[in-house]
Amino acid sequence: MEMAAAYKLWSRSKKMGFRYTTILSDGDSKVFKYLSDKNIYGADTEIKKEECVNHVSKRFGTALRKVVQEWRTKGVTLGGKSHGSLKEETIKKLTRYYQNAIRRNKGNVNSMKTAIYATLLHNISTDQKPQHHKCPTGKDSWCFHQAAMANGKTPGSHKSHLKTPVNEKFLPKIMPIYQRLASHELL
488 MEMAAAYKLW SRSKKMGFRY TTILSDGDSK VFKYLSDKNI YGADTEIKKE
538 ECVNHVSKRF GTALRKVVQE WRTKGVTLGG KSHGSLKEET IKKLTRYYQN
588 AIRRNKGNVN SMKTAIYATL LHNISTDQKP QHHKCPTGKD SWCFHQAAMA
638 NGKTPGSHKS HLKTPVNEKF LPKIMPIYQR LASHELL
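Residue numbers for the sequence shown follow the working numbering, so the first one is 488 and each next one is one higher.
Hints in this document: simulated from the structure, not taken from any laboratory.
Wrong hints could be hidden among the right ones.
[Said to hold, decoys possible] Below, computed lysine to any residue pairings styled on SDA-like, alpha-carbon distance capped at 20 Å: (1) K520 with E537; (2) K616 with N587; (3) K574 with I510; (4) K545 with M662; (5) K646 with K600; (6) K525 with I510; (7) K579 with I661; (8) K600 with N541; (9) K545 with N587; (10) K568 with T613; (11) K616 with K656.
[As the list claims (entries may be wrong)] For each label pair, taking beta carbons as the anchor points, the in silico distance ranges come out as: (12) M662 with A637: 43 to 51 Å; (13) V540 with T624: 21 to 29 Å; (14) P617 with L511: 33 to 41 Å; (15) A530 with E557: 39 to 47 Å; (16) T601 with G639: 35 to 43 Å.
Since the model is a prediction, treat every value here as computed from it, not as a measurement.
Just so it is clear, CB atoms sit at the ideal spot from N, CA and C, and this is done for glycine as well.
Put together the whole structure using the sequences plus the hints.
Dropping the structure here:
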């Protein structure tokens with residue numbers, strides 16, 4: 488149904504004297520592939536696919552929840568109540584940080600990637616191992632560490648300032664999600 492409707496709409500656009508060149512996707516590539524295969528406007532007009540930020544960030548949260556469930560079946564607890572666990576509240580915040588990183592860096596894929604990884608590294612940082620090198624610098628930075636440094640102050644403890652701590656031992660389990668959803672092709 489969606490494919491036929493999209494084809495009809497795109498075909499009709501030629502009669503009106505304009506062409507669609509970009510399709511906004513919800514992650515499903517069927518319509519994009521169908522329109523590309525139909526070659527509606529000829530070989531000289533490439534159709535591009537853009538992903539909806541809301542749908543992509545939803546995939547991010549879903550992927551984190553899935554990893555927590557998969558490891559639970561193997562007897563490894565990633566969620567739970569301990570400090571730095573991937574509980575639902577933490578997953579929601581990480582998802583919002585991911586979404587904000589994309590929105591704040593619209594049009595610059597490299598900046599998006601840096602901002603996405605900054606949120607991960609920021610949240611696995613500890614007083615013993617601060618990891619704020621990708622966080623934005625300056626007095627107005629969302630990163631408490633970078634803001635303190637810019638103001639000539641000593642950063643406070645991570646335990647009191649870090650709102651969404653993630654235990655670094657979970658990094659190997661969640662890094663593939665970050666790599667996949669911060670890929671150049673997707674962004």
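Inset, instruction - Determine which of the earlier numbered hints do not hold for this structure and return their numbers in increasing order. - result: 2, 3, 5, 12 and 16
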